[in-house]
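If you want the building blocks of each chain, they are given just below.
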Amino acid sequence: MTELELKKTAVKVRRGIIEGVYGAQAGHPGGSLSAADILTCLYFDEMRNLDPKDPKKKDRDRFVLSKGHAAPGLYATLANKGYFPVEDLPTLRHLNSYLQGHPNMNEVPGVDMSTGSLGQGISAAVGMAVAGKMDNASYRVYALTGDGELQEGQLWEASMFAGAHNLDNFCVIVDNNNYQIDGAISDVCSPYPIDKKFEAFNFHVINIDGHDFSQMKKAFAEARETKGMPTAIIAKTIKGKDISYMENQAGWHGKAPNKEQYDIAMQDLDKVDQALG
Amino acid sequence: MDIVKKATREGYGDALVKWADEFPDMVVLDADLAGSTKTGQFKKVHPERFVDCGVAEADMTGIAAGLATTGKIPVISSFAVFATGRNYDQIRNSVAYPRLNVKIGGTHAGVTVGEDGASHQALEDIALMRALPGMTVISPADYAESIEVVKAALQHDGPVYMRFGRAAVPVVTDKLPGYKFELGKGSVIKEGKDVTIFATGILVAAAMDAAEMLKDAGIDAEIINIATIKPIDRELVVRSARKTGMVVTAEEHSIIGGLGSAVCEVLSEEAPTKVYRIGVRDEFGVSGSAGDLIKKYGFDGQGVCDSVRKFLGK
Chain A
1 MTELELKKTA VKVRRGIIEG VYGAQAGHPG GSLSAADILT CLYFDEMRNL
51 DPKDPKKKDR DRFVLSKGHA APGLYATLAN KGYFPVEDLP TLRHLNSYLQ
101 GHPNMNEVPG VDMSTGSLGQ GISAAVGMAV AGKMDNASYR VYALTGDGEL
151 QEGQLWEASM FAGAHNLDNF CVIVDNNNYQ IDGAISDVCS PYPIDKKFEA
201 FNFHVINIDG HDFSQMKKAF AEARETKGMP TAIIAKTIKG KDISYMENQA
251 GWHGKAPNKE QYDIAMQDLD KVDQALG
Chain B
1 MDIVKKATRE GYGDALVKWA DEFPDMVVLD ADLAGSTKTG QFKKVHPERF
51 VDCGVAEADM TGIAAGLATT GKIPVISSFA VFATGRNYDQ IRNSVAYPRL
101 NVKIGGTHAG VTVGEDGASH QALEDIALMR ALPGMTVISP ADYAESIEVV
151 KAALQHDGPV YMRFGRAAVP VVTDKLPGYK FELGKGSVIK EGKDVTIFAT
201 GILVAAAMDA AEMLKDAGID AEIINIATIK PIDRELVVRS ARKTGMVVTA
251 EEHSIIGGLG SAVCEVLSEE APTKVYRIGV RDEFGVSGSA GDLIKKYGFD
301 GQGVCDSVRK FLGK
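The listed protein sequences correspond, in order, to chains A and B. The numbering used here puts the first residue of the first sequence at 1, with every later residue one more than the last. The numbering used here puts the first residue of the second sequence at 1, with every later residue one more than the last.
Across the chosen pairs, the derived CB separations fall in these ranges: (1) Lys58/A - Lys180/B: 34 to 42 Å; (2) Ala164/A - Val45/B: 21 to 29 Å; (3) Ala164/A - Gly291/B: 37 to 45 Å; (4) Ala271/B - Asp51/A: 48 to 56 Å; (5) Asp51/A - Glu22/B: 28 to 36 Å.
A short, non-exhaustive set of chain B residues, derived as facing chain A with CB atoms under 7 Å: (6) Asp59; (7) Gly62; (8) Gly66.
Source of the hints: derived by calculation from the structure; they are not laboratory data. A virtual CB, placed ideally from N, CA and C, is assigned to each residue, including glycine.
Bound conformation, chain A alone:
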């Protein structure tokens, strides 16, 4: 996809996020919006052998949303990719909806792993990468982690394993939006310097702007070419990106907009879309 097409798609994904959390009157918009461009780049440009009609295709690239609370972002991405109807997004978190509060691989087409308890998805992704090596398969495995999630010890257990086992078919992306529920990550319990930590665990590390598609495409290509070690892409992002009143506000980590705020959010996204031409 061209950068312009990716940007246009990301606006649709962000609309889906707002539809979801507004419909649910709950959920996590902040960290979904920060990850929206990364998710768009992965699903619409980087990942290979995806087939929405055959979500469990054997040789598909896999994705694990280790920061499972960004489910509205993943659902909006999958819906726009064609795994299920975009019209279902407002049923998020409703009783009897398949769009559970956190991703459930047995309910939602296209979800490769159930997640929600932080620090766990990355291990599952590493397990998929191990299977790929055992089977000499060509698929790659991507995991998206939050920056607050870096405080979970299991994430470093998994990183140590991936680095020690030279899993070059594995790529972790850190959604570095700098905020967690209780405030700025540097105030709560700083995980910085993030890049140096992954380097020490034998990762090839790439620092990028997580809203710049040109940088993202380049980083994913570089990860694909990197042999003998996994790649960590540290993506600097803005929590609540593109919704004027949500940007860089920890308070919008897990809160839904009311009708008035919903209207403003949609106007904000219309403006972004119009600016793209």
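We have chain A already, so just place chain B on it with the hints.
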């Protein structure tokens, strides 16, 4: 007749090697305890299907979940206390909730891990695993049954917890005529009419010994091996309790949440019966030799016999 003694963990290790060809998708994972859990034997024969995760039980569990999403049958191993407790949230959220086909082998369960003491003595593992939706829980009685339990677990599609011990214990099930382990089925080892002893794990052999002693005291005990604690054989539990009217449960586990609780749950709903639970009574274990601890907690024939007689008042 000479009684052969062998640890159930030996059965686990031998079974993994024995069934390896029949289950080519099986992958064995350990967390730096391959020598103790006996998975090292599998590693020797199939190094390409073995993953040592290092001392990282949580990560091992997640890696197993990821492997399972691709169609592998991962078997994770550690001491029971770390294979179910250290990684409880990982088993709950990354294995049980997504219903992934991961097998958990917990060795060194119960007090008979011995000298290591309370930190290493899993007495809550059955309770933890039993509470998880969709989790099958099996506690084989001896070496011979362990071999069959591993096969049944591999055949079953879904998460399974298998509980093994460290100490060499009598091999008894292979001498029982027509005995065969079947997932979800308890088995009557000896018919009786005065009291039913539902036993699991190493308490099965102890209950068999106790039955002999009880006979001398004029008590005819029915001995039932409940290897599959979940799903429990409800029909057999109810039938035997109705027949004898008095029930004793026996397990190398806390009396809270294990076999005793499982039997009480069934009976209180279907056939209210007076029950005495032999087990560790809401306390942590202590260091000691396996033999001394078995005596201390009353987990040998004499101990079970004494508990039953006290319960019956005979």
